[in-house]
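Participant: Fit chain P to the known structure of chain H by using the hints.
Chains H and P, in that order, are what the protein sequence lines are. Counting in my numbering, the first sequence runs from 1 upward without gaps. Counting in my numbering, the second sequence runs from 1 upward without gaps.
Zero decoy hints are in this set.
Think about it this way: if two alpha-carbon atoms lie no more than 20 Å apart in a straight line, the pair counts; the simulated EDC-like pairs of lysine to aspartate or glutamate are:
id : chain 1 : residue 1 : chain 2 : residue 2
1  : H       : 133       : P       : 304
2  : H       : 133       : P       : 285
3  : P       : 316       : P       : 113
4  : H       : 133       : P       : 249
5  : H       : 133       : P       : 232
Read the hints as simulated data drawn from the structure, not as lab findings.
Listed below, chain by chain, are the residues.
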Amino acid sequence: MCSRYLRISLVGPLWIVTLLALGGCQREKRQFQSSPVTESGPMQVRTTDLQAGQTTPLQPDARRALYENNAYNLSEGKRLYQWFNCVGCHAHGGGDSGPPLIDSAWRYGGEIEQIYATIQQGRPNGMPAFGGKIPEQQIWQIAGYVRSISGNLSRSASPGRNDEMQTSPPEQLMEKQPPVTSSPAATEGTQK
Amino acid sequence: MTPFEHSVLDVAGVQNAYIHTMWTVLLGICALMYVLVLGFLLWALLRARRTPDPVRPAESTGVESALYAWIGLVIVGLFGITITSYAVDRAIFAAGQKSGLALEVTSQQWWWDIKYQNDDPSQSFHTANEIHLPVNVPVTISLRSPDVIHSFWVPNLHGKQDLIPGRDTDIHLRPTRTGVFRGQCAEFCGAQHANMAVYVFVESQQDFDRWRAGQLQAATAPTGSTAAQGRDSFMTSACPLCHTIRGTDAAGVTGPDLTHVASRASLAAGALDYNRGNLAAWIADPQGIKPGNHMPTVGLSPQDLQSIAAYLDGLK
Chain H
1 MCSRYLRISL
11 VGPLWIVTLL
21 ALGGCQREKR
31 QFQSSPVTES
41 GPMQVRTTDL
51 QAGQTTPLQP
61 DARRALYENN
71 AYNLSEGKRL
81 YQWFNCVGCH
91 AHGGGDSGPP
101 LIDSAWRYGG
111 EIEQIYATIQ
121 QGRPNGMPAF
131 GGKIPEQQIW
141 QIAGYVRSIS
151 GNLSRSASPG
161 RNDEMQTSPP
171 EQLMEKQPPV
181 TSSPAATEGT
191 QK
Chain P
1 MTPFEHSVLD
11 VAGVQNAYIH
21 TMWTVLLGIC
31 ALMYVLVLGF
41 LLWALLRARR
51 TPDPVRPAES
61 TGVESALYAW
71 IGLVIVGLFG
81 ITITSYAVDR
91 AIFAAGQKSG
101 LALEVTSQQW
111 WWDIKYQNDD
121 PSQSFHTANE
131 IHLPVNVPVT
141 ISLRSPDVIH
151 SFWVPNLHGK
161 QDLIPGRDTD
171 IHLRPTRTGV
181 FRGQCAEFCG
191 AQHANMAVYV
201 FVESQQDFDR
211 WRAGQLQAAT
221 APTGSTAAQG
231 RDSFMTSACP
241 LCHTIRGTDA
251 AGVTGPDLTH
261 VASRASLAAG
271 ALDYNRGNLA
281 AWIADPQGIK
291 PGNHMPTVGL
301 SPQDLQSIAA
311 YLDGLK
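Same shape as in the complex, but just chain H (with noise of 0.2 Å):
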């Protein structure tokens, strides 16, 4: 009676502790080829509120998932994004000639999709458009990481800390700041 309590009480939490380790797995999961080969993203993005009569939701992508709660597609994200130079305008979050990624005010919106859609198409006063540029499943890894930025992701995907010396927290102590849109002319000029 007495071993098979005790087989009782460890295999238990060994099997739970097996589980929880596999369910960590996802975090690592690293698809390397975009599928289908040639990824694609949303074209057609709402980027604000101001809108006549009522508003229409925002339809989230299937893919969104895949790139906020991925820890593989954050990093690669955070590296393309010192690749590519989006450091030159919007410093590493706090925001130079290109506004501050690192607070809660969106132009064009917050949400992955909106971000893809703003790197892809570009915007006035001065973002490039790196459509066509850019591959897409790049881009998606670009977006979820500038999202990151703001501490908008999963906990559990989220680098614990910098292997350099940066000047933004790491992401996962970044306070989660709920991206709220707000028109070009309402952000132009406050100082926040």
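Facilitator: Same frame as chain H, now just chain P:
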């Protein structure tokens, strides 16, 4: 791919010659001791078969003096190894004091960026995964890593030297004979660690000067309409965001310099031999050939793919 050598024992550099001496001494001493130990063991086994003689006293077997001799032999052997090691270390250090050529090698996941340094900026240039060296000229290679720890190892020329992020290291070589020597990253650095080779071409001074003069040139203009079409496709797609072709608008620095890509012997750090077919295959499906590497699959039309391959194949 031209035939290459990849062996510690086929000495092709001054430094490796010293290391080879050390290796030979170590092997000789250890082999001698090994044979002696086995010999004594055999002798003991054979001797034990004899029936013990109750009259003969035990102390006259000579075991004690044999033990003293053994201790002496161990001391002499260890001193031999220590002195050789010290002398070899000094000799390697002294050999690295002179330098006739300066290179800067940056290891990336998973390829090597090679920069030929010169005080005159117009005389320095980048290439990738391929080092050309003149024979009998001492060379200093500064090693740098922006991502993880790698290790530079060309076994025919020298031992290993780690590349550590945030710390500059260097290695000194002096090749003593011509040939093609394969090098390999010798510190596990991620998914494609195995596909991270570097080829060292040791040539005569004349051949090296000719190669260097060729590499210093800007990229050749495309000949033929397909190649010209390819250049336009290259410049308007994702390629120039990461790659440089000197003499054109392409000036990205995160991928290998492609100015003279068609003059190299291999592609993707030794993953493929260089030829136009492999080049097109690599552009079409880099993740199938080397999964996890940082070259993305770019959605190119078949016409664009073929014309870009034709353009790059002209960059000798």
